[in-house]
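S.K.: Sequence:
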Amino acid sequence: MLLLVFLSSGLFLGWSLGANDAANIFGSAVGSKMVRFRRAAWIASIFVILGAVFQGRGAAETLSDLGAVNALAGGFTVSLCAAATVFWMTRYALPVSTSQAIVGAIIGWSLFAGQPTNYTVLSKIVSTWISSPVLGALFSALLFLGLRNLLKRLKMHVIRLDVTIRIALLVAGAFGAYSLGANNIANVMGVFIPVAPDVILDFGIFTLDGVQLLFLLGGIAISAGIFTYGEKVMHTVGNGILSLSSEAALVVVLSQALVLFIFSSAGLSQFFSSLGLPAIPLVPVSSTQVVVGSVVGIGLVKGAREIRGRALAGIALGWVLTPLVSGILTYLALFFVQNVFHLQVSLPKNATEVTDGNSVAVITENAVTTINLVLPGILILASVIIIILVFVVFRQQKLRLKAENELLQQQSQFYQAQKALSQMEVSAMQSENQMLNQKLENRLKEYTNVALSISSQKEFLARLLAMAEEIKTAGDEHTRTSGIEELSRTLKQKMSFTKETQELYTKIDKTEQDFRLKLSAAYPGITEQEKKLAVLLRLNLSTKEISSIMGISAKSVEIARYRLRRRLNLKQGDNLITFIQNL
Numbered sequence: 000m001l002l003l004v005f006l007s008s009g010l011f012l013g014w015s016l017g018a019n020d021a022a023n024i025f026g027s028a029v030g031s032k033m034v035r036f037r038r039a040a041w042i043a044s045i046f047v048i049l050g051a052v053f054q055g056r057g058a059a060e061t062l063s064d065l066g067a068v069n070a071l072a073g074g075f076t077v078s079l080c081a082a083a084t085v086f087w088m089t090r091y092a093l094p095v096s097t098s099q100a101i102v103g104a105i106i107g108w109s110l111f112a113g114q115p116t117n118y119t120v121l122s123k124i125v126s127t128w129i130s131s132p133v134l135g136a137l138f139s140a141l142l143f144l145g146l147r148n149l150l151k152r153l154k155m156h157v158i159r160l161d162v163t164i165r166i167a168l169l170v171a172g173a174f175g176a177y178s179l180g181a182n183n184i185a186n187v188m189g190v191f192i193p194v195a196p197d198v199i200l201d202f203g204i205f206t207l208d209g210v211q212l213l214f215l216l217g218g219i220a221i222s223a224g225i226f227t228y229g230e231k232v233m234h235t236v237g238n239g240i241l242s243l244s245s246e247a248a249l250v251v252v253l254s255q256a257l258v259l260f261i262f263s264s265a266g267l268s269q270f271f272s273s274l275g276l277p278a279i280p281l282v283p284v285s286s287t288q289v290v291v292g293s294v295v296g297i298g299l300v301k302g303a304r305e306i307r308g309r310a311l312a313g314i315a316l317g318w319v320l321t322p323l324v325s326g327i328l329t330y331l332a333l334f335f336v337q338n339v340f341h342l343q344v345s346l347p348k349n350a351t352e353v354t355d356g357n358s359v360a361v362i363t364e365n366a367v368t369t370i371n372l373v374l375p376g377i378l379i380l381a382s383v384i385i386i387i388l389v390f391v392v393f394r395q396q397k398l399r400l401k402a403e404n405e406l407l408q409q410q411s412q413f414y415q416a417q418k419a420l421s422q423m424e425v426s427a428m429q430s431e432n433q434m435l436n437q438k439l440e441n442r443l444k445e446y447t448n449v450a451l452s453i454s455s456q457k458e459f460l461a462r463l464l465a466m467a468e469e470i471k472t473a474g475d476e477h478t479r480t481s482g483i484e485e486l487s488r489t490l491k492q493k494m495s496f497t498k499e500t501q502e503l504y505t506k507i508d509k510t511e512q513d514f515r516l517k518l519s520a521a522y523p524g525i526t527e528q529e530k531k532l533a534v535l536l537r538l539n540l541s542t543k544e545i546s547s548i549m550g551i552s553a554k555s556v557e558i559a560r561y562r563l564r565r566r567l568n569l570k571q572g573d574n575l576i577t578f579i580q581n582l
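Just so you know, we're using numbering that gives the first Met the number 0 here: the sequence shown kicks off at 0 and counts up by one.
Rather than coming from a laboratory, the hints here were simulated on the basis of the structure.
Accuracy of the hints is not assured; some may be wrong.
[Claimed, not checked] Derived Cβ-Cβ restraints for the label pairs, each shown as a range:
hint: 1; residue 1: Q410; residue 2: L435; range: 18 to 26 Å
hint: 2; residue 1: I166; residue 2: K418; range: 47 to 55 Å
hint: 3; residue 1: G145; residue 2: W41; range: 26 to 34 Å
[Claimed, not checked] Simulated pairs of lysine-lysine, PhoX-like, Cα-Cα distance not exceeding 20 Å:
hint: 4; residue 1: K401; residue 2: K418
hint: 5; residue 1: K506; residue 2: K530
hint: 6; residue 1: K531; residue 2: K509
hint: 7; residue 1: K531; residue 2: K554
hint: 8; residue 1: K530; residue 2: K517
hint: 9; residue 1: K531; residue 2: K517
hint: 10; residue 1: K509; residue 2: K543
hint: 11; residue 1: K543; residue 2: K554
hint: 12; residue 1: K444; residue 2: K531
hint: 13; residue 1: K444; residue 2: K517
hint: 14; residue 1: K506; residue 2: K517
hint: 15; residue 1: K509; residue 2: K438
hint: 16; residue 1: K506; residue 2: K531
hint: 17; residue 1: K151; residue 2: K301
hint: 18; residue 1: K531; residue 2: K438
Note that the coordinates shown come from a computational prediction; the quantities given were computed from them, not determined experimentally.
Glycine included, C-beta positions come from ideal geometry on N, C-alpha and C.
Kindly produce the complete structure, drawing on both the sequences and the hints.
M.R.: Set out below in structure tokens:
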């Protein structure tokens, strides 16, 4: 029971690793929408566990050589602080390095405990922080170029190509998950290897020892992190640095899997040694750095302009801060655990630590000191549970407030939309009412004008009838002649239609105002009479109709047309009416 209490920090680190590094397996595939998150999570979980159990020992031993955390309480604190660092980075969707977090935490423990740090191992690990993204970029660039040339030669149908790439992504993702578990389980359970139970379980086909059982627990914790918190970071890696096509997503997964497999394969390392080459260091490399390097490699092949520098700078900042924050946090936490809970976070030289489930015995060359850890273990477990509960409560409250705010915003937007729609409807009704009122007024004016015209015509005819009666009853010839002349003048005045002509010109000016302005702008010297003629010609009226409206003879209209042609600089053969209508 006590061992599980202290292992809880390692399980928390495993959960954080799954939440963060799941993006390194299927982030590009999910980001490019080629694989659904739920399917990716299941495949990643199964193969992470397999890789952790059956190939995780090599990298774990290298991490133990960096700084042997020889006390159970120290291992608990180191894992807890590394997990907290990764967790808070993950909350801000930064794909940080779990390897950097655990390395920083181990160095923080070494400084606090006054234990030596193996700088040879540290140099190997730090070198992989540089070489792994470079290898990822190199592999991804070569694979991307090779895949692109292969697809050009095959010329596959788009549907068949899509299905093939989806299947390849699932296979490559399974390989990547296996490599991730084999390489990064050392980050989760490496510090607890010294206290692994001395048991062997025989399943017939295979056997599991105590270390592999620890790795199995760590793999399950990683799987839990993948399902609960991995989707957000997947989208950051998948689309944050470079928008990836399906082919590029496949290349990223493959290159990441290859690099992690290289640094976790003991057989490959021994093969290099047998050839007389330097052995490949079995080091827990950062899968995050490999994936980012792979994405950048594809971006360089496609053109450096496509790389989103701001997202890349944010990720690089996370890489720099992770070991520093983890180391400082571990140093402070060790001081708290040792002085508040009075737990031994480090052991003197030539001392070992043995647990029976309720207490820890520190055995030295001269004496055996037994420390009862039941109460501190319960307090630590209670503290962790309280912290988790507080976090869950605050998170639920934050999500509830966020949901309420979104609902209020939606309601506000709906209200504003309804208000705008109502205003538009009111405006439309007002415009329609104005148009109807205007039509009604125009109709009334027309009726009034018709009535006035009828009345005027009746008055005029009555006047003519009176004049005719006077001529008829006139006694002498002189009076009759004067009456006939008066009647003739009256008829001529009536036939001039001056008022009607003026009204016609007024209506034409309103409809052809733009044409008159264009005509004046194009030909500044044109007269008002020529403008009137041009407007009447634009209406396609005949010479007889124009002469009647303008009150001149047909010959005068022809002369005016000739002068207008000269004013408009028309050549012989150009049609005057067509020119005016196209102006």
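S.K.: A separate judgement is required for each hint: does it hold in the structure or not?
M.R.: We went through each hint and held it up to the structure:
1. Between Q410 and L435 the C-beta distance comes to about 37 Å, which lies outside the given range of 18 to 26 Å.
2. As the Cβ distance of I166 to K418 is approximately 53 Å, the hint placing it in 47 to 55 Å holds.
3. At about 30 Å, the CB distance of G145 to W41 agrees with the hint of 26 to 34 Å.
4. Between the alpha carbons of K401 and K418 the distance comes to roughly 25 Å, so the proposed pair goes past 20 Å and is violated.
5. Of the supplied pair hints, the one linking K506 and K530 holds, its CA atoms being roughly 15 Å apart against a limit of 20 Å.
6. For the suggested pair K531 and K509, the alpha carbons sit about 13 Å apart, so the restraint of at most 20 Å is met.
7. Taken as a hint, the K531 and K554 pair is honoured in the structure, with Cα atoms around 17 Å apart against an allowance of 20 Å.
8. With a C-alpha separation of about 11 Å, the suggested pairing of K530 with K517 holds against the 20 Å cut-off.
9. At roughly 14 Å between alpha-carbon atoms, K531 and K517 fall within 20 Å of each other, so this suggested pair holds.
10. Restraint check: the Cα-Cα separation between K509 and K543 comes to about 24 Å, which exceeds 20 Å; the hinted pair is violated.
11. Between K543 and K554 the CA atoms are separated by roughly 10 Å; this keeps the pair inside 20 Å, and the hint holds.
12. For a cut-off of 20 Å, the pair hint linking K444 to K531 is broken: about 26 Å separates their Cα positions.
13. With a C-alpha separation of about 32 Å, the suggested pairing of K444 with K517 is violated against the 20 Å cut-off.
14. A threshold of 20 Å between alpha carbons decides the hint, and for K506 with K517 the separation of about 18 Å falls inside it, so the pair holds.
15. For the suggested pair K509 and K438, the alpha carbons sit about 17 Å apart, so the restraint of at most 20 Å is met.
16. Simply put, K506 and K531 have alpha-carbon atoms about 12 Å apart, close enough for the 20 Å limit, and the pair holds.
17. As the CA atoms of K151 and K301 are separated by approximately 16 Å, the hinted pair is consistent with the 20 Å bound.
18. Distance restraint check for K531 and K438: the Cα-Cα separation of roughly 29 Å exceeds the 20 Å cut-off, and the hinted pair is therefore not satisfied.
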